[in-house]
Amino acid sequence: MSSTKVIHALYNDDDVLMDAVKQTRKAHHHIEEVFTPFPVHGLDKAMGLAPTRLAICAFIYGCIGISVATWMMWNIMINDWPQDIGGKPSFSYLQNMPAFVPVMFEMTVFFAAHLMVITFYMRSRLWPFKKAENPDVRTTDDHFLMEVAVSGNEEEMVSFFKNTGAVEVKVIEKH
Amino acid sequence: MYTFSQKLKTTAFILIALGLVGIVYGFLSTPKTIEDVEKIVAAAHHEGGHEGGHEAAASHDSHEAVSHEGHDEKASAAHHETESAHETSATAEPVAHEAHDSIKTETTDTTHVAVAPVAEKHEVNVVAKEEKKVDAAKEHEEHIQHVFHQLQNKPWAALYVACIFFLLVTMGALAFYAIQQVAQAGWSPVLFRVMQGITAYLPVGSVIFFVLLILSGTHVNHLFPWMAEGVTDVNSPDYDALIAGKSGYLNFGFWIGRAAVFLIGWNLYRFYSRKNCLAQDEANDDFYYKKNFKLSAMFLVFFIVSESIMAWDWIMSLDPHWFSTLFGWYVFASFFVSGITTISMVTLYLKSKGYLEYVNSSHIHDLSKFMFGISVFWTYLWFSQFMLIWYANIPEEVTYFITRINDYTLPFWGAVGLNFIFPFLTLINTDFKRVAPIVVTAGVVILFGHYIDFFNMIMPATVGDQWYIGVSEIGSVLFFLGLFILVVFTALTKAPLTPKRNPYMEESKHFHY
Chain B
71 MSSTKVIHAL YNDDDVLMDA VKQTRKAHHH IEEVFTPFPV HGLDKAMGLA PTRLAICAFI
131 YGCIGISVAT WMMWNIMIND WPQDIGGKPS FSYLQNMPAF VPVMFEMTVF FAAHLMVITF
191 YMRSRLWPFK KAENPDVRTT DDHFLMEVAV SGNEEEMVSF FKNTGAVEVK VIEKH
Chain U
616 MYTFSQKLKT TAFILIALGL VGIVYGFLST PKTIEDVEKI VAAAHHEGGH EGGHEAAASH
676 DSHEAVSHEG HDEKASAAHH ETESAHETSA TAEPVAHEAH DSIKTETTDT THVAVAPVAE
736 KHEVNVVAKE EKKVDAAKEH EEHIQHVFHQ LQNKPWAALY VACIFFLLVT MGALAFYAIQ
796 QVAQAGWSPV LFRVMQGITA YLPVGSVIFF VLLILSGTHV NHLFPWMAEG VTDVNSPDYD
856 ALIAGKSGYL NFGFWIGRAA VFLIGWNLYR FYSRKNCLAQ DEANDDFYYK KNFKLSAMFL
916 VFFIVSESIM AWDWIMSLDP HWFSTLFGWY VFASFFVSGI TTISMVTLYL KSKGYLEYVN
976 SSHIHDLSKF MFGISVFWTY LWFSQFMLIW YANIPEEVTY FITRINDYTL PFWGAVGLNF
1036 IFPFLTLINT DFKRVAPIVV TAGVVILFGH YIDFFNMIMP ATVGDQWYIG VSEIGSVLFF
1096 LGLFILVVFT ALTKAPLTPK RNPYMEESKH FHY
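Protein chains in written order, with our numbering: chain B, 71 to 245; chain U, 616 to 1128.
Mixed in with the good hints there might be a few duds.
Unchecked claim - In the DMTMM-like style, the derived pairs of lysine to aspartate or glutamate whose C-alpha atoms are separated by at most 20 Å in a straight line are:
no., chain 1, residue 1, chain 2, residue 2
1, B, 115, U, 1046
2, B, 96, B, 85
3, B, 158, U, 1011
4, U, 905, U, 1121
5, B, 158, U, 1012
Note that these hints are calculated values from the structure, not bench results.
For clarity, every value in this text was computed on a predicted model and none was experimentally measured.
Generate the whole structure from the sequences, applying the supplied hints.
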C-alpha cells in the first residue's frame, strides 16, 4: 500500500479552532485527530465524538467492589470462624452488618476508582515508557493542531484550511 | 407574573378541608377515659390483629391474656403469668386458677390443646400466687394508663409531625436560598423567586407551630414528658432525677423563649431578604444586592446555631433521657434535602405551565445533583448516629434504637430505602437528572421518606407501639400540604418570577451544564 497523506492545520486560539472544526465537519472532511494543550470545552461535541462510557464502567466496578467486600466479610467473620468478639452478634451477616459497612463502602469506592482509572489508561493507551505521539511539540504549549485525512484535491484542501484561520498548514506523509 | 390556577387553588382547599376533617375525627375518636382504653385494647386483641400488625408475637400473647380478663381485677394475675402459662398449657402442668381462664381461652384460640386436667391441683399454688396478684393488678393498671396516654397523644403527635415537617421543609429551602446568595452562585438567580415563594410558608407555619408548642407547655397534651407535673419535684411520685437534672435547660419558660427567638429570627431574615430582593429590581445600583449578601451571611451563622438547638428542643427533648451529639446535623440534612426537593418540584411544575422561560434542563440537573448529594449526606449521618450507638451498645443510649427497630421496624428501615437507595439508584445517572418524570418520582419518594424520618424521630417518644398511619396522620399531612400549596402559590403571584437586576442574572439565564 502506498502511504497516506494528512493535513496538519495549526491554530493559536481555541475559538478559532472550534470554528475550524465546525467548518471542516460541514465540508465533510474526515478529522483524524485534534491536539490541544488543554481541554477545550465543547470540542468533543463539535467533533461529533461519542460520549464516554467510563462512568458506566465505574458503576459496575463499584458493584463488584461491594460484592467482594460482602463476600469477604461474610466468609471471614460469619462463615469461617464466627467468634464472639466483644459481644458482637456473628450469627448471620445481617446481624453484624453495621460493623461491616465501613469496609463495604471503602471497597466500593476503591474498586470503582482504581479500576476506572486503569480502564482509562488502557482505553487511551497510556503507560510508562510509552512513546509520545505528539506530531508537533508546540501543541503541548500554545498551539492547537487538527489532523485531517487528504482525499481528492490536495491543493483545494490546503487553501480550505488556510481560510479557516490556520496559522500554518502542512501536508504530511504518514506511514 | 404568575397567576394561581383555579384548579390548583381548588385542590389546595379540598386538601385543607379533608385534612381538617381527618384531624377533627382523630381528636374525637381518641379515648377519653381509662375504661375506653380497656375496651379498645380488648377489642383490638379479640379481632386477632393489631392495627398494622406491628407488635411482636410475644407481647401479643401477654396482651391477649389481659384482654380476656381485662375487667376482672382478681383474675388479672394471668397477666403476670402468661409466659409460663403459655408453656404449661402444652404440657398440662398445674397452674393457679386465676390464670386458668385465660389459658383456656388462649389455648383454644391458638393451640387447640385441651386443658381439662389442670383443675385438681389449683389450691396448691393459690397462696403463692396471692402476692403476685396484687402486683399484677397494679401492673395491668399501669399498662392501661400508659396505653391511655399514648392513645391520647396520637392525634397531637400526628399534627406535630406534619406541622414541624412542613415548617422545616420551608427552612430547608430558606437555608439553600441563603447559601446560594452567599456563594454567589451563577446558576440559581433565576430560581430565587421560586425559593422566596416556598419560604412564604414560613410565617404561617411558624405561627401554627408556635401555638402547638404553647399548647404542649400548657398541658393540653402530653407530647413532652419533661413538661409533666411533678417530674422535677422530689416529693412527687412522678419525680424523675434525670429530667430534674436537666431542668436548668429543659424548663418551659426558657424553652418557649428560645423557640420564639429562633422563629422570629428566621422570619426576619426571610422578610428582609425578599424585601431587598424586590428593591434591587427597582434600584440602579447593587446596594440591595450587597445588603442581602451580608444579611444572608449573618443569617447562616444564626441559622446553624439555632438549628442545632431547635433540633434538641423540638425533637430530641421528646426523649428527654436520650441524647446524641450529631442529632442537629442529622435533622438538618433531613429537612435540607426535603427543601431542595421542594424547590425542584415547584420549579418543574411552574416550568411545565410555561412560567419560567429562563429555566432549562441544566438548572434541573443542578437541583437533582443537590437532591442526590444531600440524600447521601443524610444517609451518612443517619448511619453514623445509628452505627456508633449500635456498636458501643451503651444501655442508656441504645434504647432509642431498640424501640425503633422493634416497634417501628418497617418505617425505620424503610426510611433508608426511601431516602437513600431509591434516590441513589435513580438520580445517579446524568441523563435521568434532567428528565422531569424521573426527578418528580424521586422527589415524591424523598419527601415521603423524610416525612417518615420525622415520624420515626417523634412517634416512638410520644405514642410508642400504639402507632399506625391512620386518619389522624394522613389528615394532618393533607391539611398542611393544602395550606402549603395555598400559601406558596399565592406568594408566587405577588412578584415577577425572574428577578430583574441581580448581578448574576445574565449568567444564570445562559447557564448550561
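Consistency of the hints with the structure:
no.: 1; hint: B:115 with U:1046; in the structure: holds (16 Å)
no.: 2; hint: B:96 with B:85; in the structure: holds (17 Å)
no.: 3; hint: B:158 with U:1011; in the structure: holds (18 Å)
no.: 4; hint: U:905 with U:1121; in the structure: holds (17 Å)
no.: 5; hint: B:158 with U:1012; in the structure: holds (17 Å)
In terms of the numbered hints stated before, the structure departs from none.
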